[in-house]
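Kindly generate the complete structure, drawing on both the sequences and the hints.
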Amino acid sequence: MILKDKKIILGLTGSIAAYKAAYLLRYLVKEGADVQVIMTPAAREFITPVTMSALSGKPVLGAFFENKDGTWHSHVDLGLWADLFLIAPASANTMGKMANGICDNLLLTTYLSAKCPVMIAPAMDLDMFQHPANLKNIDTLIEYGAHIIEPGVGALASGLHGKGRMEEPEQIVEKVKAYFANELKVGKGELVGKKILVNAGPTYERIDPVRFIGNFSSGKMGYAIAEELSARGAEVTLVSGPVNIDTEQPRINIINVTTAEEMYEVCIKAYSSCDGAILSAAVADYTPVNYTDKKMKSDGGELKVTLSPTRDIAKELGKIKEDNQFLVGFALETDNALEHANKKLVKKNLDFIVLNSLENEGAGFGVDTNKITIVTKDNKIEDYPLKSKREVASDIVDRVKHL
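In terms of the working numbering, the sequence shown is residues 475 to 877.
It is worth saying that the hints were derived from the structure and are not from the lab. Mixed in with the good hints there might be a few duds.
The list that follows gives simulated cross-link-like pairs (lysine to any residue, SDA-like), each with its CA atoms no further than 25 Å apart [to be verified]:
#1 K480 / L582
#2 K481 / P591
#3 K610 / E624
#4 K795 / D872
#5 K795 / T847
#6 K651 / K795
#7 K651 / P859
#8 K589 / D578
#9 K589 / F654
#10 K789 / K861
#11 K861 / L806
#12 K795 / P859
Across the chosen pairs, the derived CB separations fall in these ranges [said to hold, decoys possible]:
#13 P533 / G836: 43 to 51 Å
#14 L777 / E739: 41 to 49 Å
#15 I476 / L777: 26 to 34 Å
#16 T522 / T850: 51 to 59 Å
#17 A631 / S772: 45 to 53 Å
#18 K532 / N834: 42 to 50 Å
#19 I476 / P533: 24 to 32 Å
#20 K481 / E644: 19 to 27 Å
#21 H635 / A607: 51 to 59 Å
#22 G667 / L554: 27 to 35 Å
#23 T850 / E776: 40 to 48 Å
#24 V763 / A631: 47 to 55 Å
Ideal Cβ placement from N, Cα and C applies to all residues, glycine included.
In structure tokens:
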């Protein structure tokens with residue numbers, strides 16, 4: 475058990491999502507962790523200390539000392555005791571205080587004293603999350619070394635729909651386990667100040683107003699990469715083909731395109747101001763030569779569409795890449811995978827290529843998992859097991875940061 479005997483401080487702040495913390499605590503304890511709960515006064519309005527104490531097997535802390543017997547709760551000792559400080563849910567108010575060194579409760583003084591890594595799972599309403607002050611505070615916390623567990627998109631307590639839902643407890647536990655398994659780098663903020671280009675999703679090549687040539691790419695892998703880069707502090711330009719994915723990360727600028735030519739033009743223009751690019755989009759290799767602005771009628775006979783090659787984004791970026799820039803490509807193959815990936819790696823002047831195959835169950839288009847092999851330009855090959863696309867994105871970004 476990865477979390478067995480790991481000492482974790484679980485901090486709760488004033489959010490309706492505090493009810494999820496009971497499930498989170500239960501999962502952590504079930505995994506063998508030794509959990510000490512600290513609650514802010516506002517958190518106690520949403521869930522009782524009795525509940526959290528029963529689940530943790532420890533008294534819940536919140537005050538600096540006990541009025542009855544004068545027992546002092548040392549924030550310094552707590553900060554030295556823990557292997558990880560997990561704040562979930564984290565309200566806008568608490569994050570603002572953390573970012574600005576305000577310590578008017580035990581949770582905040584413990585945060586300022588903590589020597590261990592810090593993970594933060596924000597939870598708040600859509601407008602609060604998107605407010606520039608809150609986004610600035612999140613950026614500051616990342617610069618200080620905290621790892622932000624990005625909130626999800628969905629129905630909020632206010633009745634609005636958007637970003638702000640605290641990540642589900644099961645997913646938070648997976649992040650914690652990944653950290654202790656050395657698969658997730660917490661406390662780095664290593665990409666602050668970096669600008670990175672990512673492309674994602676399919677392109678649609680129009681035949682007429684109602685028909686197009688496309689592919690089955692969902693864009694999930696590219697969006698996961700963009701979100702992982704943003705979580706580590708990078709400013710991301712995400713050039714996205716037509717997808718059904720929402721992301722409202724503070725450091726992701728989405729540029730929507732439809733065709734391969736549109737994606738080419740945007741990527742070429744954006745790359746010059748970036749430190750590097752990760753090209754995960756499934757860009758069409760061919761596009762119809764002729765487009766008709768009226769729907770083509772079916773007469774029961776054969777329909778022939780003449781196609782011409784699209785411009786190769788990776789190859790062109792490889793030509794203009796400077797010494798201080800990196801370039802990462804993707805290869806989706808069905809046969810002779812390594813041979814084809816190596817050819818693309820050299821031909822397109824990539825630093826490394828991410829290879830996945832439609833022959834691997836659970837990998838490819840439209841699914842939430844992927845199984846990849848990373849091939850570098852110095853002929854190093856590393857295979858990874860089947861993982862969620864979020865975890866795969868973390869593996870890819872781990873490799874990118876060394877570039």
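Hint check results:
no., hint, in the structure
1, K480 / L582, "holds, 21 Å"
2, K481 / P591, "holds, 12 Å"
3, K610 / E624, "holds, 15 Å"
4, K795 / D872, "holds, 21 Å"
5, K795 / T847, "holds, 24 Å"
6, K651 / K795, "violated, 37 Å"
7, K651 / P859, "holds, 16 Å"
8, K589 / D578, "holds, 19 Å"
9, K589 / F654, "holds, 16 Å"
10, K789 / K861, "violated, 29 Å"
11, K861 / L806, "holds, 17 Å"
12, K795 / P859, "violated, 31 Å"
13, P533 / G836: 43 to 51 Å, "holds, 44 Å"
14, L777 / E739: 41 to 49 Å, "violated, 29 Å"
15, I476 / L777: 26 to 34 Å, "violated, 57 Å"
16, T522 / T850: 51 to 59 Å, "holds, 53 Å"
17, A631 / S772: 45 to 53 Å, "holds, 51 Å"
18, K532 / N834: 42 to 50 Å, "holds, 44 Å"
19, I476 / P533: 24 to 32 Å, "holds, 26 Å"
20, K481 / E644: 19 to 27 Å, "holds, 21 Å"
21, H635 / A607: 51 to 59 Å, "violated, 22 Å"
22, G667 / L554: 27 to 35 Å, "holds, 31 Å"
23, T850 / E776: 40 to 48 Å, "holds, 46 Å"
24, V763 / A631: 47 to 55 Å, "holds, 53 Å"
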